[in-house]
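**Student:** Each chain is listed here by its residues.
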Amino acid sequence: MERTQFARTELSMLTDSGPLLRVRSLIKHFDVVERGIIGRKKIGEVHAVDNVSFDIARGETLGLVGESGCGKTTTGKVLLFLETPTAGSVNFHGMDVFEVFGKRGRAPDARKLRRGMQMVFQNPYTSLDPRMTVFDILSEPFVIHRNIPKEEWKERVYELLRMVNLEEYHAERYPHEFSGGQRQRIAIARAIAVDPEFIVCDEPVSSLDVSIRAQILNLLSDLQQKKHFSYLYISHDLSSVRQISHRVAVMYLGEIVELAETNSLYDNPLHPYTQALISAVPVPDVKHRTTRVILPGEVPSPMNPPNGCRFHPRCPYATDICKRDPPAFEDRLVKGHFVACHHADKFVR
Amino acid sequence: MAKLLEVTDLHTYFFTEAGVVKAVDGISVSVEDGKTICLVGESGSGKSVTAQSVLRIVPRPGRIVGGTIRFDGEDLLAKSEAEMRKMRGNKMAVVFQDPTTSLNPVYTVRKQLADILLLHKGLSKDQANKTALGLLEKVGISDPEKRLNAYPHELSGGMKQRIAIARALSCEPKLLFADEPTTNLDVTIQAQVLELLKQLQKEYGMTMIMITHDMGIVADMTERVTVLYAGKVMEEADTTTLFTSPKHPYTEALLKAVPSVAETRALEVIPGNIPNLIEPPLGCVFHPRCKYAKDVCMKEQPEWEKVSEGHYAACHRWRELSLQGRS
Chain A
1 MERTQFARTE LSMLTDSGPL LRVRSLIKHF DVVERGIIGR KKIGEVHAVD
51 NVSFDIARGE TLGLVGESGC GKTTTGKVLL FLETPTAGSV NFHGMDVFEV
101 FGKRGRAPDA RKLRRGMQMV FQNPYTSLDP RMTVFDILSE PFVIHRNIPK
151 EEWKERVYEL LRMVNLEEYH AERYPHEFSG GQRQRIAIAR AIAVDPEFIV
201 CDEPVSSLDV SIRAQILNLL SDLQQKKHFS YLYISHDLSS VRQISHRVAV
251 MYLGEIVELA ETNSLYDNPL HPYTQALISA VPVPDVKHRT TRVILPGEVP
301 SPMNPPNGCR FHPRCPYATD ICKRDPPAFE DRLVKGHFVA CHHADKFVR
Chain B
1 MAKLLEVTDL HTYFFTEAGV VKAVDGISVS VEDGKTICLV GESGSGKSVT
51 AQSVLRIVPR PGRIVGGTIR FDGEDLLAKS EAEMRKMRGN KMAVVFQDPT
101 TSLNPVYTVR KQLADILLLH KGLSKDQANK TALGLLEKVG ISDPEKRLNA
151 YPHELSGGMK QRIAIARALS CEPKLLFADE PTTNLDVTIQ AQVLELLKQL
201 QKEYGMTMIM ITHDMGIVAD MTERVTVLYA GKVMEEADTT TLFTSPKHPY
251 TEALLKAVPS VAETRALEVI PGNIPNLIEP PLGCVFHPRC KYAKDVCMKE
301 QPEWEKVSEG HYAACHRWRE LSLQGRS
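Read top to bottom, the protein sequences are chains A and B. Residue 1 is where the first sequence starts when you use the working numbering, and the numbers rise one by one after that. Residue 1 is where the second sequence starts when you use the working numbering, and the numbers rise one by one after that.
Treat each hint with caution, since some may be false.
In silico SDA-like cross-links for lysine to any residue, where the CA-CA straight-line distance does not exceed 20 Å [to be verified]:
hint	chain 1	residue 1	chain 2	residue 2
1	B	Lys202	A	Arg114
2	B	Lys198	A	Phe81
3	A	Lys103	A	Phe81
Beta-carbon label-pair distances, calculated as ranges [as the list claims (entries may be wrong)]:
hint	chain 1	residue 1	chain 2	residue 2	range
4	B	Thr100	A	Ser25	29 to 39 Å
5	B	Thr100	A	Arg131	52 to 62 Å
6	B	Glu74	A	Glu45	54 to 64 Å
7	B	Pro59	A	Met132	41 to 51 Å
8	A	Asn165	B	Glu320	48 to 58 Å
9	A	Asp222	B	Asp33	24 to 34 Å
10	B	Pro59	A	Arg173	28 to 38 Å
11	A	Arg173	B	Glu74	42 to 52 Å
12	A	Trp153	B	Ser142	54 to 64 Å
13	B	Asp33	A	Glu45	31 to 41 Å
14	A	Gly336	B	Asp72	57 to 67 Å
Just so you know, these hints were derived from the structure itself, not from any lab. Here the structure is a predicted model, which means the values were calculated and not measured. Backbone N, C-alpha and C fix where the C-beta goes; we use that ideal spot for every residue, glycine too.
Using the sequences provided together with the hints, build the complete structure.
**Tutor:** So this is what it looks like as C-alpha cells:
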C-alpha cells in the first residue's frame, strides 16, 4: 500500500495547482477509405470528435452523455491514447499525454502515466480474459508496472477484491463463473490495481440488469470518496449520469454543446438538444408529467456534418444565423454553464 | 370488461443438459380488451418467455409444461401448429427488441410487408403493395415509396423498428406484444417510437403487452403492471398504485434502485444476484435478496393474495410491512 502511495505522490509533485486533467481542442477524424483492386483511396473523413475541450478536477466526476455515434467513447479512448488523436492536447498532472505516449519506443514516463490513467469498459463479458483466473487478471498490472514485490501480490489482490465487495476465495475463479455485475466489479478492481487517479468509465452499467446497476454506481461513488478518483463517466443513460456526476457535458455530432454543473444542466438546460434529450427519457414516477420534445429526423452523418450549428436541421428554434455561423461555446449567461447556442438566452430561467 | 388474454398458472421449462431451467414457473397474467399492460422484470424473470409461450414460439429445448392460455375465447394450447400459424401475425403480432435481427436482411421492405398481407388477408399483389405503402406512411417513415424498395441494412435502427411495427400492424392484430421495443434505440428515437406505439394503440384500439425492464417506460406507457422475478409473479396492480404503494418488497426495492433523470437521490442497492433458475431458492424466490425476509419466507412459497380491488401480491408479509413507493 505504501509503495503505491509513493507512486502517487511522485506524480503529484509534478502537478501545478490546476485541474488534474485538461483537454484542449481535441480532434479525432477517421479516414474513410475505399478499397480497390490496387491500393486504397480516401473518400472522406468521419468527424468523430471535433474541437472538444474540458477540465476534470481531482475527485470529480464529469459525465459525458450523447447518443450513439456522437463521439463520446472515442473521446474517452483518445484521452488515454488508445486511439491516436488527430490534433489537440491533453494535459495530465502537467504532463503532455500525447507527447509522452506518442514517442516511438515509448518514453519512460509512459508507464508512469498509464498508471495514473485507467479505463473500465462497457462489456465485462469481453473485457476480461476468459482463460485467466481473477488472481491473474488482478495481478497482471503488477507484472507490467512492477510497482509491488511479488510476495505482496496476494495480499494486494485480496485487498482489491474487498474494495469492490467480492470475497477472497473469488481470486481462484475464472470470469465465466461470475455474473455480469460481479465481472464489472473485477474490471473495476483491475482498473484501480495500479492506484490510478483518473479512470475513464465507458458505459459501465449499460450491460447490467437494473437491480445490479445501483450496486455498481454506488461502488464507483464509494471508491471515489475513499480514494479521490476522478472519473470521466461516459454513458447514453441520462438518469445514471445525473446520479453519479458532479458536472455533465453533452455531445452532439462530435462536439460538446453544453457543459455545466449537474443540477444546473438537468434543471435548466440551455441547449435545445439537451432539452430534447432530457425530456425524452421516461421518468420512473407516475406523477411526473412533462411535455416531451420530440426531435424530428435522426442524427446526420458525421462524414458531412451540417454547416453552422450542427444541430440546426433538427432544432425547433433554428433561424438563419444557425444555418450560417457555428455558435461559440461560452458561459456568458450563467457562470460555469457553458453552452453553444445562438438562442440560449431565451432559455435562462 | 372482457378479458382478451388470460394466462393461468403457466409453466414453461427449458430442458437443458445442465438441468431443467424453470423460466416461467406459475405465471398468471391477463389483459382486458383494448388495454395496455406491462410485464416488467430483469433478465431471467420470464417476461419474454411468457410472450413466446402465448405465441407458441418457445425455442427448443423449451416446452410449455403446464397452465392454460385463453385468447379471445379460445384455448391456445389446444390448437394445432397450423391453426397457430393462422393466428400469428394475424390476430396476435409481436415487435421484437432488435430490428436488425427480426427483419430479414435479404428481402426488401416491400416483400416483408406484402408477404404477410398476401398470406393472411389474401390480397392481390397490387393491393398488398398499396397497403404496405399506407402502413409505412402510418408509422411515420419519410419518403415511403423509396423505402419500400430498401433492404434493412440501408435503414437506421429507428427506421427499422418502425418497419417492424408496420409489419406487426399489417393485419390489424387484436393483441400486440412489444418485447423491449426500444432497448436498442437512442433516447430521442426511443421517444419517437414510444409516442408512435401509443398513438397506434389508440387508433387501432389494440390490446398491447409491453415487455420492459425500464420503470420509466412502465410509468409512461401503461395502465396496469405485472412485476415478474425469477419466473414468478411478484405483484400486479394499476400503474399508479404500484408506484405509490407497492406491496411487494421486490417492487419497492426496484423503485428505489433506479435513478431518475428528474432528480438526484440516494440509490438503495438490492444486494446479491439474480438467482439461478435451475435451482431457484426455496420458499419465496426473492428471499435471499429481501431485507424483510423471515423464517417463513425461506420455507414456504407465498400465496397470490388480493390486496385490494385489482391489486395482488405474493408476499408472506405484505400485511405487516409498510413499504414506500416513489412519490
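**Student:** So, for every hint listed, does it hold in this structure?
**Tutor:** Checked hints:
A distance of roughly 56 Å separates the Cα atoms of Lys202/B and Arg114/A; the hinted pair therefore is violated under the 20 Å criterion. For the hint pairing Lys198/B with Phe81/A, the CA-to-CA distance comes to about 45 Å; that exceeds 20 Å, so the pair is violated. Note on Lys103/A and Phe81/A: the hinted pairing holds, with a Cα-Cα distance of about 12 Å set against a maximum of 20 Å. Distance hint check: the CB atoms of Thr100/B and Ser25/A are about 36 Å apart, consistent with the given range 29 to 39 Å.
For Thr100/B and Arg131/A, the Cβ-Cβ distance of about 30 Å falls outside the hinted range of 52 to 62 Å, so the restraint is violated. Remark: the range hint 54 to 64 Å for Glu74/B to Glu45/A is upheld by a beta-carbon distance near 59 Å. A hinted range of 41 to 51 Å is violated for the C-beta pair Pro59/B and Met132/A, which are about 33 Å apart. Taken as a hint, the range 48 to 58 Å is violated for the pair Asn165/A and Glu320/B, whose Cβ atoms sit roughly 31 Å apart.
Between Asp222/A and Asp33/B the CB atoms are about 50 Å apart, so this pair departs from the stated range of 24 to 34 Å. Taking 28 to 38 Å as the suggested C-beta distance range, the pair Pro59/B and Arg173/A conforms, at roughly 30 Å. Remark: the range hint 42 to 52 Å for Arg173/A to Glu74/B is upheld by a beta-carbon distance near 50 Å. Checked against the hint of 54 to 64 Å, the pair Trp153/A and Ser142/B passes, with Cβ atoms roughly 60 Å apart.
In this structure the hint that Asp33/B and Glu45/A lie 31 to 41 Å apart at CB is violated, the actual value being about 55 Å. For Gly336/A and Asp72/B, the hinted distance range of 57 to 67 Å is satisfied, since their beta carbons lie about 60 Å from each other.
In summary, the structure is inconsistent with hints 1, 2, 5, 7, 8, 9, 13 from the numbered list given earlier, while agreeing with the others.
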